[in-house]
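Q: With chain B fixed as given, assemble chains G and D onto it according to the hints.
Residue numbers (our numbering), protein chains in the order written: chain B, 1 to 152; chain G, 1001 to 1317; chain D, 2001 to 2500.
FYI, nobody ran anything at the bench for these hints, they're computed from the structure.
Mixed in with the good hints there might be a few duds.
[Claimed, not checked] Computed list of lysine-lysine pairs in DSS-like fashion (alpha-carbon distance at most 27 angstroms, straight line):
| hint | chain 1 | residue 1 | chain 2 | residue 2 |
| --- | --- | --- | --- | --- |
| 1 | G | K1057 | B | K144 |
| 2 | G | K1317 | G | K1183 |
| 3 | D | K2288 | D | K2097 |
| 4 | G | K1104 | G | K1171 |
| 5 | D | K2386 | D | K2097 |
| 6 | G | K1183 | D | K2132 |
| 7 | G | K1104 | G | K1317 |
| 8 | D | K2132 | D | K2226 |
| 9 | B | K66 | D | K2226 |
| 10 | G | K1055 | B | K144 |
| 11 | B | K119 | D | K2379 |
| 12 | D | K2386 | B | K119 |
| 13 | D | K2226 | D | K2386 |
| 14 | G | K1145 | G | K1104 |
| 15 | D | K2226 | B | K119 |
| 16 | D | K2226 | D | K2430 |
| 17 | G | K1057 | G | K1261 |
| 18 | D | K2132 | D | K2097 |
| 19 | G | K1057 | G | K1279 |
| 20 | D | K2379 | D | K2284 |
| 21 | D | K2097 | B | K119 |
| 22 | D | K2226 | D | K2288 |
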Amino acid sequence: MAVSSTSKPQGHIGSLLVSGFFVLAGIVTLYDTIGYSDRDSQVFPQTVAVILIITASISFVVQFLKPSGEEGFGSGIWWRRCLLIVTMFLTCFAMPLVGFLPAGAIAFAGGLIAAMHDKWTASNLLLYWGSGAVIMVAFFSLFKFVLYVPLP
Amino acid sequence: MLRRSILKAGAAVAMTATFAMPTYAEVNGPVNYVIPFGPGGESDISARLQQPFFKDKFGEDLVISYQPGGGGAVGWASLNGLAADGQTIMGVNLPHIIIKPAQKDVGFATDELNTFYMFHFTPDAIVVPADSPYQSLADLIEDAKANPGQVTMSGSGKASANHLAQIKFDKMAGTLTTYVPFKGTGASVTALLGNQVKAQWGYTTVGAAQGEAVRMLAVAMEERHPLFPDVPTFKELGFDMVGGAYRGIALPNSASAETTKLWSDMIAEINTDPEFQQKMLDGGFAMLDVGAGEMADFMAARSEEYLNDAREAGLIK
Amino acid sequence: MEFGHFLSAMSPFNLLLALCGVVAGTVIGSIPGLTATMALAILVPITFSMEPASALIMLGAIYTGAIYGGAYAAILLNTPGTPSAIATTFDGYPMAKRGDGDLAVALACFASVCGGMIGAIALLFLAPPLSKVALAFGPIEYFWLSVFGLSLIASLSDGNLAKGLAGGAFGMILSTVGVAEISADIRLTFGNQVLIGGFGVVGALIGLYCIPVLIDLVAVPDRHLKVEDDVKSVRIGEAFGIAMKSKFNLIRSSIIGTLVGILPGAGGSVAGLVAYSEAKRSAKPHQKFGEGEPDGIMATESANNATVGGGFIPTLVLGIPGTPPDAIVLGALLIQGVRTGPSMFSQSGSIVYTFIYGLIIATVLMLPAGLLIGRYAYKSIVTIPKAVLVPAVGFMTIIGTFAIRNSVSDVVIMLCLGVFGWVVARFGFKASPIVLGLILGPIAEQGFVQGWTIGAATNNLFGMFFGRPISQGILAFTLITLLLPVFLARRQRLAAMEDE
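In isolation and in its complexed conformation, chain B is listed as follows:
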């Protein structure tokens, strides 16, 4: 993936933020362990949380002193990424309401549009949506009727 000229400072700040997040996650874990009733449940998370805090802090300090060129988010097209993820989440929330197949179609449509970099033509329009429907129905039937997964 091409690295744009702006990605270096972005990668730098991002690394700092992620390291900071991990330190925070370690602290939250330590805080959570206070409430456990069983000593056996505490030992491991506490130890690991301490390791996490130390290593993430080192990573933070190193990053701060020596900004290195992590690639950052790169130069991809944002609306496509977002469309893909948002439609997949939408599918989850729609699933209990409208059933699995219609909900799955949301994610499929989102993914298709997001990944479509060529020009739409009548033929590929038909082909892609048609094969999409076939794939979905095939998977749905495989899971529901062969593997007895209770899909909504």
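A: Relative to the frame of chain B, chains G and D by itself:
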């Protein structure tokens, strides 16, 4: 959520059917039997033993699926959201469904589960390897008294039937043993056979599965298990311990009384089959018949006992 | 062990079952979210009306096929189809990206067959003595084994050790979320019911590996995998040549796989990681592990298929299932009235030996079937236009994750992990250390807590952790793996300085 029409109607209808189908007093098509644990445990084995008898007697497949997570809590928390048409049932386990909700909010409460039948239990038992110096329960008690804390005993999980039994027994015998929790009976047996621990709090099923490799010192039953006529009960040895892990089956609580009754009768019928009984006994299980009618009393009695034990052991407040 | 058992395994019906089983297993394994456990659980009722040996052969064939099938998605989509194929992604996906996907798939097939054979042969000849390995491994050995697995993080985090370790620690913390497995607490759920079941490994794998690939795929118009202009239809010969050159690696990895397979509670994922770590440690200078090194794929794939035979050793000899699929096979045996355990080989010998021969036959059949399906899988992934591939894979991740526990919230968790994994990977925190932590965390925790409890009870904590021979051995290997690269690098630097 997860409302499901009858499978017979086919896929096309399944998508559009958002209304509840009236419940019929019979099963239509394959029944989804959810085990809220992974495969290989006592819950799985006993469900597998029921499977062929169900098909024989009622002509439908019993499809077993595993939904592990949270020591069963994930499955039980989801149970009441499932279709209540009698096509989905789920295994339930005591003491799990009593202890877990009493500890913390785990997404379900004991009396929210529509348990319609308890069909067997696995009696607690103290198991030692065949080459162990403990020939009898008295040997173990003697060693535990001479070396407090040094007798290590493996068991499946904490706040479990094994753990409660260990705490209870220590109290009765005036001993101090160390309980080492493992993930499931399989791992706990492995530790025993490998001499990582000195004894195990297990079930009679361990004795059945391991045969010559292990020796049971005592079983927590009213009378001796038919498979092990030589193993004394705790009662014979002067300890008032009868119990173990009880297993049953539940429906979503929106199931009609009719459906619940139907299922209770079906499981009862399997339980009376001599061939099924023989297979269960060969596996080391002990039969139990608590139908939908007597369930409330049974659960109340068990709850009181388990909660008392757990409270005294400091496992719940 | 007579020849008669071999002949009965070779009956046309059993051969057909083995072939169907391998094909079905391969397809199931290649779909992330569908596991061998699930397929076996559904198929057990079909076996009621079969001869016990035939039933076992079919179940064994599905199992071994599924472990191999996991490699496809690992190589072509960077998503392990089964947890066993985690380490296959390390080199498989880079190979596929540079246009060697077909080669990688063929290599995986050869390695899987090799591993499967060695595992099955160990099961045939050495089952009773090898079953002692399962018993010799106590809690502490599991603890050190997981530490050894975690030491792989050091070499996976290319140059940025702090970030790799932080990722691994974070993965271990994720593994503690939910109801604790061997203690009596509910951890890190913050009162949220959805998190009680914790982060399932299969769902986490789909999220952390597959979703980032999809996010990257849609963002740019480039093709998914590089394809050479003259698509060579098969590269079996080339693959066979490479595999022959690495026979030592194949055999070593298969033995590792067999041994780790014997350990109940470790499984194919750990076997693959350990074998990968060993292959990397003994790499020649020109081999670049992590950048598409064929030996990496072969080590993982031979080791994880060797766990099939290895896992059946404690299952059949001790009645203790090595892996969840083994547990289902054990259940099927019980229904058939076959009693496993120490007396099984003498009492039900004919069933056992027919089954083992059946497993060997299934493994052999995996060669043609696997190469054929692999070629088809590669071609379809390469030729399907991106605009269909992405939504199809996306749909698959959703349905696959749902199917693990029939739960929509698992899908939401998977997606959240996926987006999180994508973001942190962009800033140098790669997915693999997190996954390693997630998988090895519970093994480490349980081993530690149990070992500590036993050690404290017997007033011998130090001896418990450091005094046992197997523990010392694993610890020594861990130290060698960690320190050898440092030592070699220093010597090289010194040599370079002397040259000046």
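Q: Confirm or reject each hint.
A: Structure-based check of each hint:
Restraint check for K1057/G and K144/B: the C-alpha separation of about 25 angstroms stays at or below 27 angstroms, so the hint holds. Under the criterion of a C-alpha separation no larger than 27 angstroms, the hint pairing K1317/G with K1183/G is consistent with the structure, at around 24 angstroms. For the given pair, K2288/D sits about 15 angstroms from K2097/D by alpha-carbon distance, which is consistent with the 27 angstroms threshold. Between the alpha carbons of K1104/G and K1171/G the distance comes to roughly 26 angstroms, so the proposed pair stays at or under 27 angstroms and holds.
Annotation: proposed proximity of K2386/D to K2097/D holds, straight-line Cα distance about 14 angstroms (limit 27 angstroms). Between K1183/G and K2132/D the alpha-carbon distance is near 20 angstroms, which keeps this suggested pair within the 27 angstroms criterion. Proximity of K1104/G to K1317/G is assessed by CA-CA distance (about 10 angstroms); at most 27 angstroms being required, the pair is judged to hold. With a C-alpha separation of about 48 angstroms, the suggested pair K2132/D and K2226/D falls outside the 27 angstroms cut-off, and the hint is violated.
At roughly 35 angstroms between alpha-carbon atoms, K66/B and K2226/D are farther apart than 27 angstroms, so this suggested pair is violated. Taking the CA atoms of K1055/G and K144/B, the gap is near 21 angstroms; set against the 27 angstroms cutoff, the hint holds. The suggested pairing of K119/B with K2379/D holds, with an alpha-carbon distance near 24 angstroms, which does not exceed 27 angstroms. Taking the CA atoms of K2386/D and K119/B, the gap is near 13 angstroms; set against the 27 angstroms cutoff, the hint holds.
Between K2226/D and K2386/D, the direct Cα distance comes to roughly 13 angstroms. Compliance with the 27 angstroms bound is thereby established for this hinted pair. As the CA atoms of K1145/G and K1104/G are separated by approximately 35 angstroms, the hinted pair breaks the 27 angstroms bound. Note on K2226/D and K119/B: the hinted pairing holds, with a Cα-Cα distance of about 21 angstroms set against a maximum of 27 angstroms. Taking the CA atoms of K2226/D and K2430/D, the gap is near 23 angstroms; set against the 27 angstroms cutoff, the hint holds.
A threshold of 27 angstroms between alpha carbons decides the hint, and for K1057/G with K1261/G the separation of about 17 angstroms falls inside it, so the pair holds. As the CA atoms of K2132/D and K2097/D are separated by approximately 43 angstroms, the hinted pair breaks the 27 angstroms bound. This hinted pair checks out: K1057/G and K1279/G have alpha carbons roughly 16 angstroms apart, not beyond 27 angstroms. For the given pair, K2379/D sits about 32 angstroms from K2284/D by alpha-carbon distance, which is inconsistent with the 27 angstroms threshold.
A hinted pair counts as satisfied when its Cα atoms are at most 27 angstroms apart, and K2097/D with K119/B qualifies at roughly 25 angstroms. Using a Cα cut-off of 27 angstroms, the hinted pair K2226/D and K2288/D holds, with the two alpha carbons roughly 20 angstroms apart.
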